[in-house]
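8 protein chains.
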Amino acid sequence: MKSSVSIIMGSSSDMPVMKKAQEMLEKFGISYETKVLSAHRSPNDTVDYVNKATQEGISVIIAGAGRAAHLPGVIASHTTIPVIGVPIYTTNFKGIDSLLSILEMPSGIPVATMAIGEAGAKNAAVLAASILSIKDSKVKKQLLLHKKELRDKVIQANVSINKD
Amino acid sequence: MKSSVSIIMGSSSDMPVMKKAQEMLEKFGISYETKVLSAHRSPNDTVDYVNKATQEGISVIIAGAGRAAHLPGVIASHTTIPVIGVPIYTTNFKGIDSLLSILEMPSGIPVATMAIGEAGAKNAAVLAASILSIKDSKVKKQLLLHKKELRDKVIQANVSINKD
Amino acid sequence: MKSSVSIIMGSSSDMPVMKKAQEMLEKFGISYETKVLSAHRSPNDTVDYVNKATQEGISVIIAGAGRAAHLPGVIASHTTIPVIGVPIYTTNFKGIDSLLSILEMPSGIPVATMAIGEAGAKNAAVLAASILSIKDSKVKKQLLLHKKELRDKVIQANVSINKD
Amino acid sequence: MKSSVSIIMGSSSDMPVMKKAQEMLEKFGISYETKVLSAHRSPNDTVDYVNKATQEGISVIIAGAGRAAHLPGVIASHTTIPVIGVPIYTTNFKGIDSLLSILEMPSGIPVATMAIGEAGAKNAAVLAASILSIKDSKVKKQLLLHKKELRDKVIQANVSINKD
Amino acid sequence: MKSSVSIIMGSSSDMPVMKKAQEMLEKFGISYETKVLSAHRSPNDTVDYVNKATQEGISVIIAGAGRAAHLPGVIASHTTIPVIGVPIYTTNFKGIDSLLSILEMPSGIPVATMAIGEAGAKNAAVLAASILSIKDSKVKKQLLLHKKELRDKVIQANVSINKD
Amino acid sequence: MKSSVSIIMGSSSDMPVMKKAQEMLEKFGISYETKVLSAHRSPNDTVDYVNKATQEGISVIIAGAGRAAHLPGVIASHTTIPVIGVPIYTTNFKGIDSLLSILEMPSGIPVATMAIGEAGAKNAAVLAASILSIKDSKVKKQLLLHKKELRDKVIQANVSINKD
Amino acid sequence: MKSSVSIIMGSSSDMPVMKKAQEMLEKFGISYETKVLSAHRSPNDTVDYVNKATQEGISVIIAGAGRAAHLPGVIASHTTIPVIGVPIYTTNFKGIDSLLSILEMPSGIPVATMAIGEAGAKNAAVLAASILSIKDSKVKKQLLLHKKELRDKVIQANVSINKD
Amino acid sequence: MKSSVSIIMGSSSDMPVMKKAQEMLEKFGISYETKVLSAHRSPNDTVDYVNKATQEGISVIIAGAGRAAHLPGVIASHTTIPVIGVPIYTTNFKGIDSLLSILEMPSGIPVATMAIGEAGAKNAAVLAASILSIKDSKVKKQLLLHKKELRDKVIQANVSINKD
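Chains as they are written, first to last, in the numbering used here: chain A, 4 to 167; chain B, 4 to 167; chain C, 4 to 167; chain D, 4 to 167; chain E, 4 to 167; chain F, 4 to 167; chain G, 4 to 167; chain H, 4 to 167.
Since the hints were derived computationally from the structure, they do not count as laboratory data. Incorrect hints may appear among the rest.
[Claimed, not checked] Quick list of in silico lysine-lysine cross-link-like pairs, BS3-like style, CA-CA up to 27 Å: (1) E:Lys138 with E:Lys5; (2) G:Lys22 with E:Lys97; (3) A:Lys5 with A:Lys55; (4) F:Lys166 with H:Lys30; (5) G:Lys166 with G:Lys151; (6) B:Lys138 with C:Lys150; (7) A:Lys150 with H:Lys138; (8) C:Lys97 with B:Lys97; (9) E:Lys55 with E:Lys138; (10) D:Lys138 with E:Lys55; (11) A:Lys150 with A:Lys55; (12) E:Lys166 with E:Lys22; (13) H:Lys38 with F:Lys156; (14) F:Lys97 with D:Lys97; (15) C:Lys97 with A:Lys97; (16) E:Lys55 with E:Lys5; (17) D:Lys97 with A:Lys97; (18) D:Lys150 with D:Lys138; (19) H:Lys5 with H:Lys144; (20) A:Lys138 with H:Lys138; (21) C:Lys144 with C:Lys22.
[To be verified] Derived DEER-like restraints, expressed as beta-carbon distance ranges: (22) D:Gly60 with E:Val162: 36 to 42 Å; (23) E:Pro19 with G:Lys144: 35 to 41 Å; (24) F:Glu59 with G:Lys144: 17 to 23 Å; (25) A:Asn54 with H:Asn47: 45 to 51 Å; (26) D:Lys30 with E:Pro19: 37 to 43 Å; (27) B:Val162 with E:Gly60: 57 to 63 Å; (28) D:Glu29 with F:Ser34: 46 to 52 Å; (29) A:Glu59 with C:Glu152: 28 to 34 Å; (30) G:Lys144 with E:Lys138: 48 to 54 Å; (31) H:Asp155 with B:Asn165: 56 to 62 Å; (32) F:Lys5 with E:Lys5: 20 to 26 Å; (33) B:Leu147 with E:Pro19: 48 to 54 Å.
[Unchecked claim] Derived, one-sided and incomplete: chain A residues facing chain C with beta-carbon distance under 10 Å: (34) Gly13; (35) Ser15; (36) Ser16; (37) Lys30; (38) Ser34; (39) Pro46; (40) Val50.
Please read these numbers as outputs of a predicted model, since none were measured by experiment. A virtual CB, placed ideally from N, CA and C, is assigned to each residue, including glycine.
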């Protein structure tokens with residue numbers, strides 16, 4: 004296993020959201036692998052994968068899940084690697100069920116919680132980069148570029164709204 | 004294992020709430036056993052216990068948990084026995100975090116959700132009795148007596164408020 | 004009455020949701036009957052039906068209702084059979100009104116509460132099967148098959164997302 | 004039955020709240036009777052009482068209930084008399100469960116919903132007086148006096164805060 | 004002024020909702036008049052109208068308003084007639100802002116609060132009929148017919164879902 | 004009337020909260036007057052006062068109110084002076100009812116909304132100063148001093164926590 | 004800098020909302036300038052602009068922002084000018100995240116909070132006019148005209164709904 | 004600067020909460036420094052400190068803040084170091100205001116959000132350790148010990164509840 008980051012999601016229907024994390028990692032040049040694993044429908048497979056990933060040297064795990072979103076918490080229970088949780092939007096509770104199931108982890112077993120949906124998935128990748136940057140100066144350079152880009156877009160927006 | 008019902012809780016601090024389930028089962032004459040098992044702090048032990056309980060013939064599992072209350076869902080993932088979930092009250096979200104983490108189980112793996120806290124724990128025992136009553140007429144008689152008692156208390160209350 | 008399960012709903016507009024329960028019961032080979040009965044618009048008919056169903060040997064009642072969703076609670080007041088409540092989605096309160104009217108039953112008279120809408124209706128059928136399985140080993144086998152299917156779908160999803 | 008108003012509550016523990024309705028009716032000189040009747044624990048007794056009250060000429064029913072507060076709705080299902088609902092405060096949901104179970108009655112069967120708790124109970128009595136005043140000019144005079152009193156208290160408060 | 008009921012709304016955009024109240028009153032044969040009056044944009048006109056309506060013998064006022072829905076409360080401040088409030092749905096807060104602004108009237112000045120939107124408007128008319136029925140037996144007969152119709156529809160729904 | 008600011012509250016029980024606005028205005032050397040006036044219990048007196056205050060040259064009105072907090076909105080309906088609303092905390096809805104009744108004013112008639120309770124009352128005074136400062140340089144100097152004080156306290160706090 | 008009001012927004016995507024403030028200021032004949040500045044993506048530029056605007060005599064700042072809407076608060080931290088905050092609607096939290104990030108400013112540094120979205124942006128302009136009117140009688144006249152227009156529209160609506 | 008972690012809080016009143024992070028870091032043998040810095044009351048000092056900390060080699064920043072909790076976001080705007088946010092409990096909104104102000108950071112600038120209050124502060128330290136462990140095997144060993152301790156406590160709890 005040569006990836007730095009593992010992206011795990013509870014269902015293939017979460018793919019359009021988690022794709023935002025993939026794209027951002029690719030932009031930063033960070034290697035990753037992607038898995039569908041369910042805390043409730045394939046619990047033993049999930050534990051097996053997390054144990055293997057931990058041993059083979061994955062540095063960060065990003066896990067997206069919806070509803071009673073136990074997946075990030077289950078992963079965090081079985082590893083010392085930093086786990087970043089992305090709550091998936093739900094119709095009935097607008098993703099607040101997913102958010103609370105990830106955020107409210109018990110004392111001692113944290114999950115780094117992101118915002119609900121695509122913005123959260125994208126930011127999960129930026130946070131993963133930020134974590135990797137503490138030991139990888141190339142990633143740090145990517146992050147500085149990323150910050151510059153964000154500012155440049157604001158400056159351009161300012162010009163464009165005053166043109167009209 | 005000769006108990007009919009298993010009461011599991013995520014932390015010994017849930018005991019004062021889950022005691023209400025114990026008391027109600029005792030009143031109905033239903034045998035039970037009680038365990039502290041954590042979905043996050045002792046995940047493997049939890050799975051081992053659920054597998055054993057399923058094989059040894061427990062008929063109903065009552066599981067109480069708070070915050071990111073994954074315990075009832077984890078149990079339901081590993082057994083075909085009916086699982087009743089009791090959300091424990093929390094200071095920050097008033098138990099709504101616990102409730103949603105139990106209620107919002109994915110399609111295919113239900114947890115019978117009760118109200119938050121002591122009323123929920125008591126009703127979990129009544130529901131367990133109700134489930135057992137479909138094959139045990141003695142428990143059914145207990146439930147009919149229980150319903151009569153509830154009505155009698157209302158009639159007495161009516162007399163007493165009009166006395167004052 | 005030879006059905007094992009009774010599906011009751013407050014309005015025929017709840018049919019598209021409750022159909023998910025019918026389909027799941029059919030898949031498990033469990034017999035059922037379906038009724039429209041309103042706690043508010045036909046209260047006496049509702050009580051008459053519940054009394055009759057209880058005497059004729061229905062083992063589980065699934066009741067779906069929306070808004071001030073009193074139907075499951077009214078049913079539970081008149082029987083010792085386990086009652087499973089399915090909150091129907093509402094526009095104004097997103098089904099949270101339905102959920103609380105079912106979940107917050109008083110101490111002594113439980114309703115096994117499911118998630119709001121179709122996932123809840125489907126899980127109501129799985130829970131009904133789970134309850135029946137404590138006395139019917141054929142249903143237990145169906146549930147084990149069901150769990151295997153859930154896992155198989157996750158394994159397939161994993162393959163398919165890594166193909167793209 | 005010579006009372007004009009009937010005050011019904013789901014439990015004798017609601018008495019301290021519903022007492023506010025009693026006191027206000029007494030102040031207005033309106034006759035009333037008080038009952039404890041439970042929609043869930045004594046459903047048949049509740050229906051019997053409502054039928055009797057309707058026939059004997061009660062003009063308004065005030066019903067207080069908490070949690071899955073079905074009582075006012077059950078009463079409204081069985082009578083054409085105006086029904087005023089008072090949601091009782093609850094620990095877990097701060098009375099919002101009670102409120103929604105009363106407010107969200109289906110189309111065709113209204114309950115006049117008041118605020119949660121004591122202010123609601125007091126206002127239920129004022130609304131009952133307001134309803135009676137459409138056929139009873141003595142009650143109308145009481146309401147005019149009541150409005151004058153409310154204003155006088157504000158004027159006095161104004162004087163007193165500027166004294167300090 | 005020969006109408007029995009006055010329907011007031013804060014904006015002509017509330018008309019599609021309040022039309023449900025008009026239709027129901029027409030069905031019951033109850034006379035009414037309709038006004039657009041704003042608590043904030045035409046406050047003096049609102050007070051003038053309420054004073055006039057009170058003197059000329061309107062028996063019930065139905066007031067619909069959205070957002071900071073002060074209209075029903077302002078009306079109730081200036082009259083002893085029963086005031087029924089209909090919260091109008093809003094995009095940002097789903098009508099909960101309207102609901103709380105109507106429900107949470109101070110102690111001493113009630114507004115009979117209905118559900119948000121069309122169901123609330125329709126039920127406001129039924130409640131108005133219910134209030135008028137305490138002095139008008141023709142309206143009472145209409146209400147009994149109305150209840151019979153509600154039950155008949157449930158019975159028909161039951162037949163139709165079991166036909167498919 | 005020689006005051007610059009008028010502080011109005013719906014009830015004398017709001018005084019402990021609104022006192023925070025008084026204290027802050029005094030600290031800034033801004034003259035003010037205080038009134039108890041109720042939108043519901045003394046509506047005509049409220050309108051009379053607002054008209055008088057507008058004519059006599061009050062520059063800013065601070066209005067505190069709870070529950071269906073119509074007071075700030077009623078005032079804003081009758082004047083062109085900037086109106087600052089302070090939502091008072093409530094037991095049932097934690098002041099969210101008060102907040103929404105003030106915040107959700109209709110298009111065209113704004114109320115400058117502050118946070119719930121004491122922090123809101125204090126900030127209402129700072130905002131009033133901020134408004135007055137656009138024509139009064141003495142008040143502007145007071146605000147600059149105030150900002151310096153806020154920063155100084157942070158610097159001191161930093162020293163003190165690192166001493167322990 | 005000769006503008007009286009500065010309109011700042013966190014992103015050019017907020018322009019359709021903030022345009023409502025522009026339109027209203029234009030109607031009142033109040034000069035303004037518009038900027039895109041981000042509290043998070045261009046923090047130093049934001050501070051530089053606020054310092055410059057304060058020195059050059061802007062009288063009121065209107066700031067619109069969404070999600071973790073820090074922009075109005077950051078601005079208020081760097082100036083004594085009154086700052087009006089407009090929460091932008093968000094999909095996940097319906098703008099309540101934006102609202103709370105603006106409303107809940109710490110004691111000592113107020114932001115005058117408006118309703119979420121377009122109504123809030125429009126009202127921000129009316130409040131800005133209201134603030135300017137304390138030193139500019141031309142703006143005061145515009146506000147009186149504005150109030151008359153609001154009332155005239157209600158009177159016309161009343162005529163039109165009774166025509167149909 | 005030789006610390007690995009920086010703990011920053013918005014007010015010295017947050018110290019009892021943030022102490023939980025200090026204690027956990029001490030237990031893991033991780034060096035840290037603690038600062039009070041306010042996003043609103045000392046914004047320039049905050050930026051100066053973050054710039055200095057970034058240059059001097061701090062690896063992780065933990066920031067606790069309440070109400071409009073802009074502090075973690077402001078810090079994340081000025082650094083590429085991973086920032087962990089701890090929402091402080093508030094009376095009015097129970098910390099949900101703090102949570103949303105931290106969680107809802109815009110796309111591109113993440114803050115790793117923890118649960119509200121003490122559990123969140125403790126878990127922030129565990130997450131910081133988890134991040135450091137990707138380059139420091141001593142910290143990884145500490146985390147494995149920590150996980151063993153958590154499990155041991157559950158096993159002991161199980162023994163003790165079955166003793167009684």
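Hint-by-hint comparison with the structure:
Our distance criterion of 27 Å between C-alpha atoms is met by Lys138 (chain E) and Lys5 (chain E), whose separation comes to about 16 Å. Between Lys22 (chain G) and Lys97 (chain E), the direct Cα distance comes to roughly 24 Å. Compliance with the 27 Å bound is thereby established for this hinted pair. Taking the CA atoms of Lys5 (chain A) and Lys55 (chain A), the gap is about 12 Å. The hint holds against a cut of 27 Å. With a CA separation close to 21 Å, the supplied pair Lys166 (chain F) and Lys30 (chain H) stays within the 27 Å bound.
A threshold of 27 Å between alpha carbons decides the hint, and for Lys166 (chain G) with Lys151 (chain G) the separation of about 23 Å falls inside it, so the pair holds. In summary, the hint linking Lys138 (chain B) to Lys150 (chain C) is supported, as the alpha carbons are separated by about 24 Å, within the 27 Å threshold. Restraint check for Lys150 (chain A) and Lys138 (chain H): the C-alpha separation of about 24 Å stays at or below 27 Å, so the hint holds. The hinted pair formed by Lys97 (chain C) and Lys97 (chain B) meets the criterion: a straight-line CA distance of about 20 Å does not exceed 27 Å.
At roughly 22 Å between alpha-carbon atoms, Lys55 (chain E) and Lys138 (chain E) fall within 27 Å of each other, so this suggested pair holds. Distance check on the hinted pair: Lys138 (chain D) and Lys55 (chain E) sit about 19 Å apart at the alpha-carbon level, within 27 Å; holds. A threshold of 27 Å between alpha carbons decides the hint, and for Lys150 (chain A) with Lys55 (chain A) the separation of about 34 Å lies outside it, so the pair is violated. For the proposed pair Lys166 (chain E) and Lys22 (chain E), the alpha carbon gap of about 35 Å is over 27 Å, so the pair is violated.
Between Lys38 (chain H) and Lys156 (chain F) the CA atoms are separated by roughly 13 Å; this keeps the pair inside 27 Å, and the hint holds. Of the pairs offered as hints, the one joining Lys97 (chain F) and Lys97 (chain D) holds, with about 10 Å between alpha carbons and a cut-off of 27 Å not exceeded. As the CA atoms of Lys97 (chain C) and Lys97 (chain A) are separated by approximately 10 Å, the hinted pair is consistent with the 27 Å bound. At most 27 Å may separate the alpha-carbon atoms for a hinted pair to count; Lys55 (chain E) and Lys5 (chain E) meet this at roughly 12 Å.
About 22 Å separates the Cα atoms of Lys97 (chain D) and Lys97 (chain A), which keeps this hinted pair within 27 Å; it holds. Annotation: proposed proximity of Lys150 (chain D) to Lys138 (chain D) holds, straight-line Cα distance about 19 Å (limit 27 Å). Among the hinted pairs, Lys5 (chain H) with Lys144 (chain H) is consistent with the structure: their alpha-carbon atoms are about 21 Å apart, no more than 27 Å. For the hint pairing Lys138 (chain A) with Lys138 (chain H), the CA-to-CA distance comes to about 6 Å; that is within 27 Å, so the pair holds.
Between Lys144 (chain C) and Lys22 (chain C), the direct Cα distance comes to roughly 23 Å. Compliance with the 27 Å bound is thereby established for this hinted pair. Under the hint 36 to 42 Å, the C-beta atoms of Gly60 (chain D) and Val162 (chain E), about 37 Å apart, fit the expected range. Taking 35 to 41 Å as the suggested C-beta distance range, the pair Pro19 (chain E) and Lys144 (chain G) conforms, at roughly 37 Å. Checked against the hint of 17 to 23 Å, the C-beta distance between Glu59 (chain F) and Lys144 (chain G) comes to roughly 19 Å, which is consistent with it.
Between Asn54 (chain A) and Asn47 (chain H) the beta carbons are some 48 Å apart, a value that agrees with the proposed interval 45 to 51 Å. Distance hint check: the CB atoms of Lys30 (chain D) and Pro19 (chain E) are about 42 Å apart, consistent with the given range 37 to 43 Å. With their beta carbons about 44 Å apart, Val162 (chain B) and Gly60 (chain E) fall outside the hinted range of 57 to 63 Å. About 47 Å separates the C-beta atoms of Glu29 (chain D) and Ser34 (chain F), a value consistent with the hinted range of 46 to 52 Å.
A beta carbon spacing of about 30 Å between Glu59 (chain A) and Glu152 (chain C) agrees with the range 28 to 34 Å that was offered as a hint. A C-beta distance of roughly 52 Å is found between Lys144 (chain G) and Lys138 (chain E), which places it inside the suggested range of 48 to 54 Å. Between Asp155 (chain H) and Asn165 (chain B) the C-beta distance comes to about 58 Å, which sits within the given range of 56 to 62 Å. In this structure, Lys5 (chain F) and Lys5 (chain E) break the distance hint of 20 to 26 Å, their C-beta atoms being roughly 53 Å apart.
The supplied range of 48 to 54 Å is met by Leu147 (chain B) and Pro19 (chain E), whose beta-carbon atoms lie about 51 Å from each other. Nearest Cβ of chain C to the Cβ of Gly13 (chain A): about 9 Å, under the 10 Å cut. The hint holds. Given hint, Ser15 (chain A) at the interface with chain C, holds; its Cβ is 4 Å from that chain's nearest Cβ, closer than 10 Å. At about 9 Å, the closest approach between the beta carbon of Ser16 (chain A) and any beta carbon in chain C falls short of 10 Å, and the interface hint on this residue holds.
Using the Cβ-Cβ criterion of 10 Å, the hint placing Lys30 (chain A) at the interface with chain C is not satisfied: the shortest such distance is roughly 19 Å. At its closest, the beta carbon of Ser34 (chain A) sits 15 Å from a beta carbon of chain C; the interface hint therefore is violated under the 10 Å criterion. With 10 Å as the threshold, the beta carbon of Pro46 (chain A) comes within range of chain C, its nearest partner Cβ sitting at about 9 Å, so the hint holds. Interface hint status for Val50 (chain A): violated, as the beta-carbon distance to the closest one in chain C is roughly 13 Å, over 10 Å.
Hints 11, 12, 27, 32, 37, 38 and 40 from the list above are not met by this structure, while the remaining hints are.
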